[in-house]
Amino acid sequence: MKEEGVRPNSLTFTAVLSACRHAGLVDEGRKHFESMINDYSIVPRIEQFASMVDLHGRAGRLTEAYRFIEMMPVQADASVWGALLGSCRTYDNFELAELVAEKLFKLDPQDVTSYVMMSHVYANAGRSEDVSKLRNLMRERELKKLPGHSVVEANCRLHRFLVDSKPRHSWPTV
2 MKEEGVRPNS LTFTAVLSAC RHAGLVDEGR KHFESMINDY SIVPRIEQFA
52 SMVDLHGRAG RLTEAYRFIE MMPVQADASV WGALLGSCRT YDNFELAELV
102 AEKLFKLDPQ DVTSYVMMSH VYANAGRSED VSKLRNLMRE RELKKLPGHS
152 VVEANCRLHR FLVDSKPRHS WPTV
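Position 70 of the sequence shown, counted from 1, bears residue number 71 in the working numbering, the numbering being contiguous throughout.
Don't read these hints as lab results, they were simulated from the structure. Certain hints may be false.
What the hints assert, rightly or not - The calculated BS3-like cross-link candidates involving lysine-lysine, where the alpha carbons are at most 27 Å apart (straight line), are:
id: 1; residue 1: K107; residue 2: K146
id: 2; residue 1: K145; residue 2: K107
id: 3; residue 1: K145; residue 2: K104
id: 4; residue 1: K145; residue 2: K134
id: 5; residue 1: K134; residue 2: K107
Using the sequences and the hints given, assemble the complete structure.
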């Protein structure tokens, strides 16, 4: 893009950071993030901050991801904290996961995703008592996990399939 004289915008950097995080290119992603700010004077948006947290988290650099959040000039939202919680689950870091989950529970006490993810962290750590406490809290707050689903478009119609659902009579035509 530089060679062609094309100036990247915020969306361009979101895509580049996403590619870096999926490829595990932490240093490359950091360079692009810094270039966005220093070379192009683009103020990072929350999705770029979340990408940077996810970039570090996916690489197992959970402490760096947490420090990055602490250094952000804006308050982290659920997407940022959720990215870190997902990495805590992947790398079985339940101490940091507890801290992150508390932040998520305060940000949005009705978001079932955070509770379910933290429940999985506890389960992976063999902390069945904590799993039970969290599930009881979910019941008290009347939070229910929605079943997983897929949506397929066929013949100009959308067809939704739920996990463990029985095929309907029209299923073979889809």
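Structure-based check of each hint:
1. K107 to K146: Within the cut-off at roughly 19 Å; holds.
2. K145 to K107: holds (18 Å)
3. K145 to K104: holds (20 Å)
4. K145 to K134: Holds, because 15 Å separates the two Cα atoms, which is no more than 27 Å.
5. K134 to K107: Holds, at about 17 Å.
Checked against the numbered hints listed earlier, the structure breaks none of them; every hint is satisfied.
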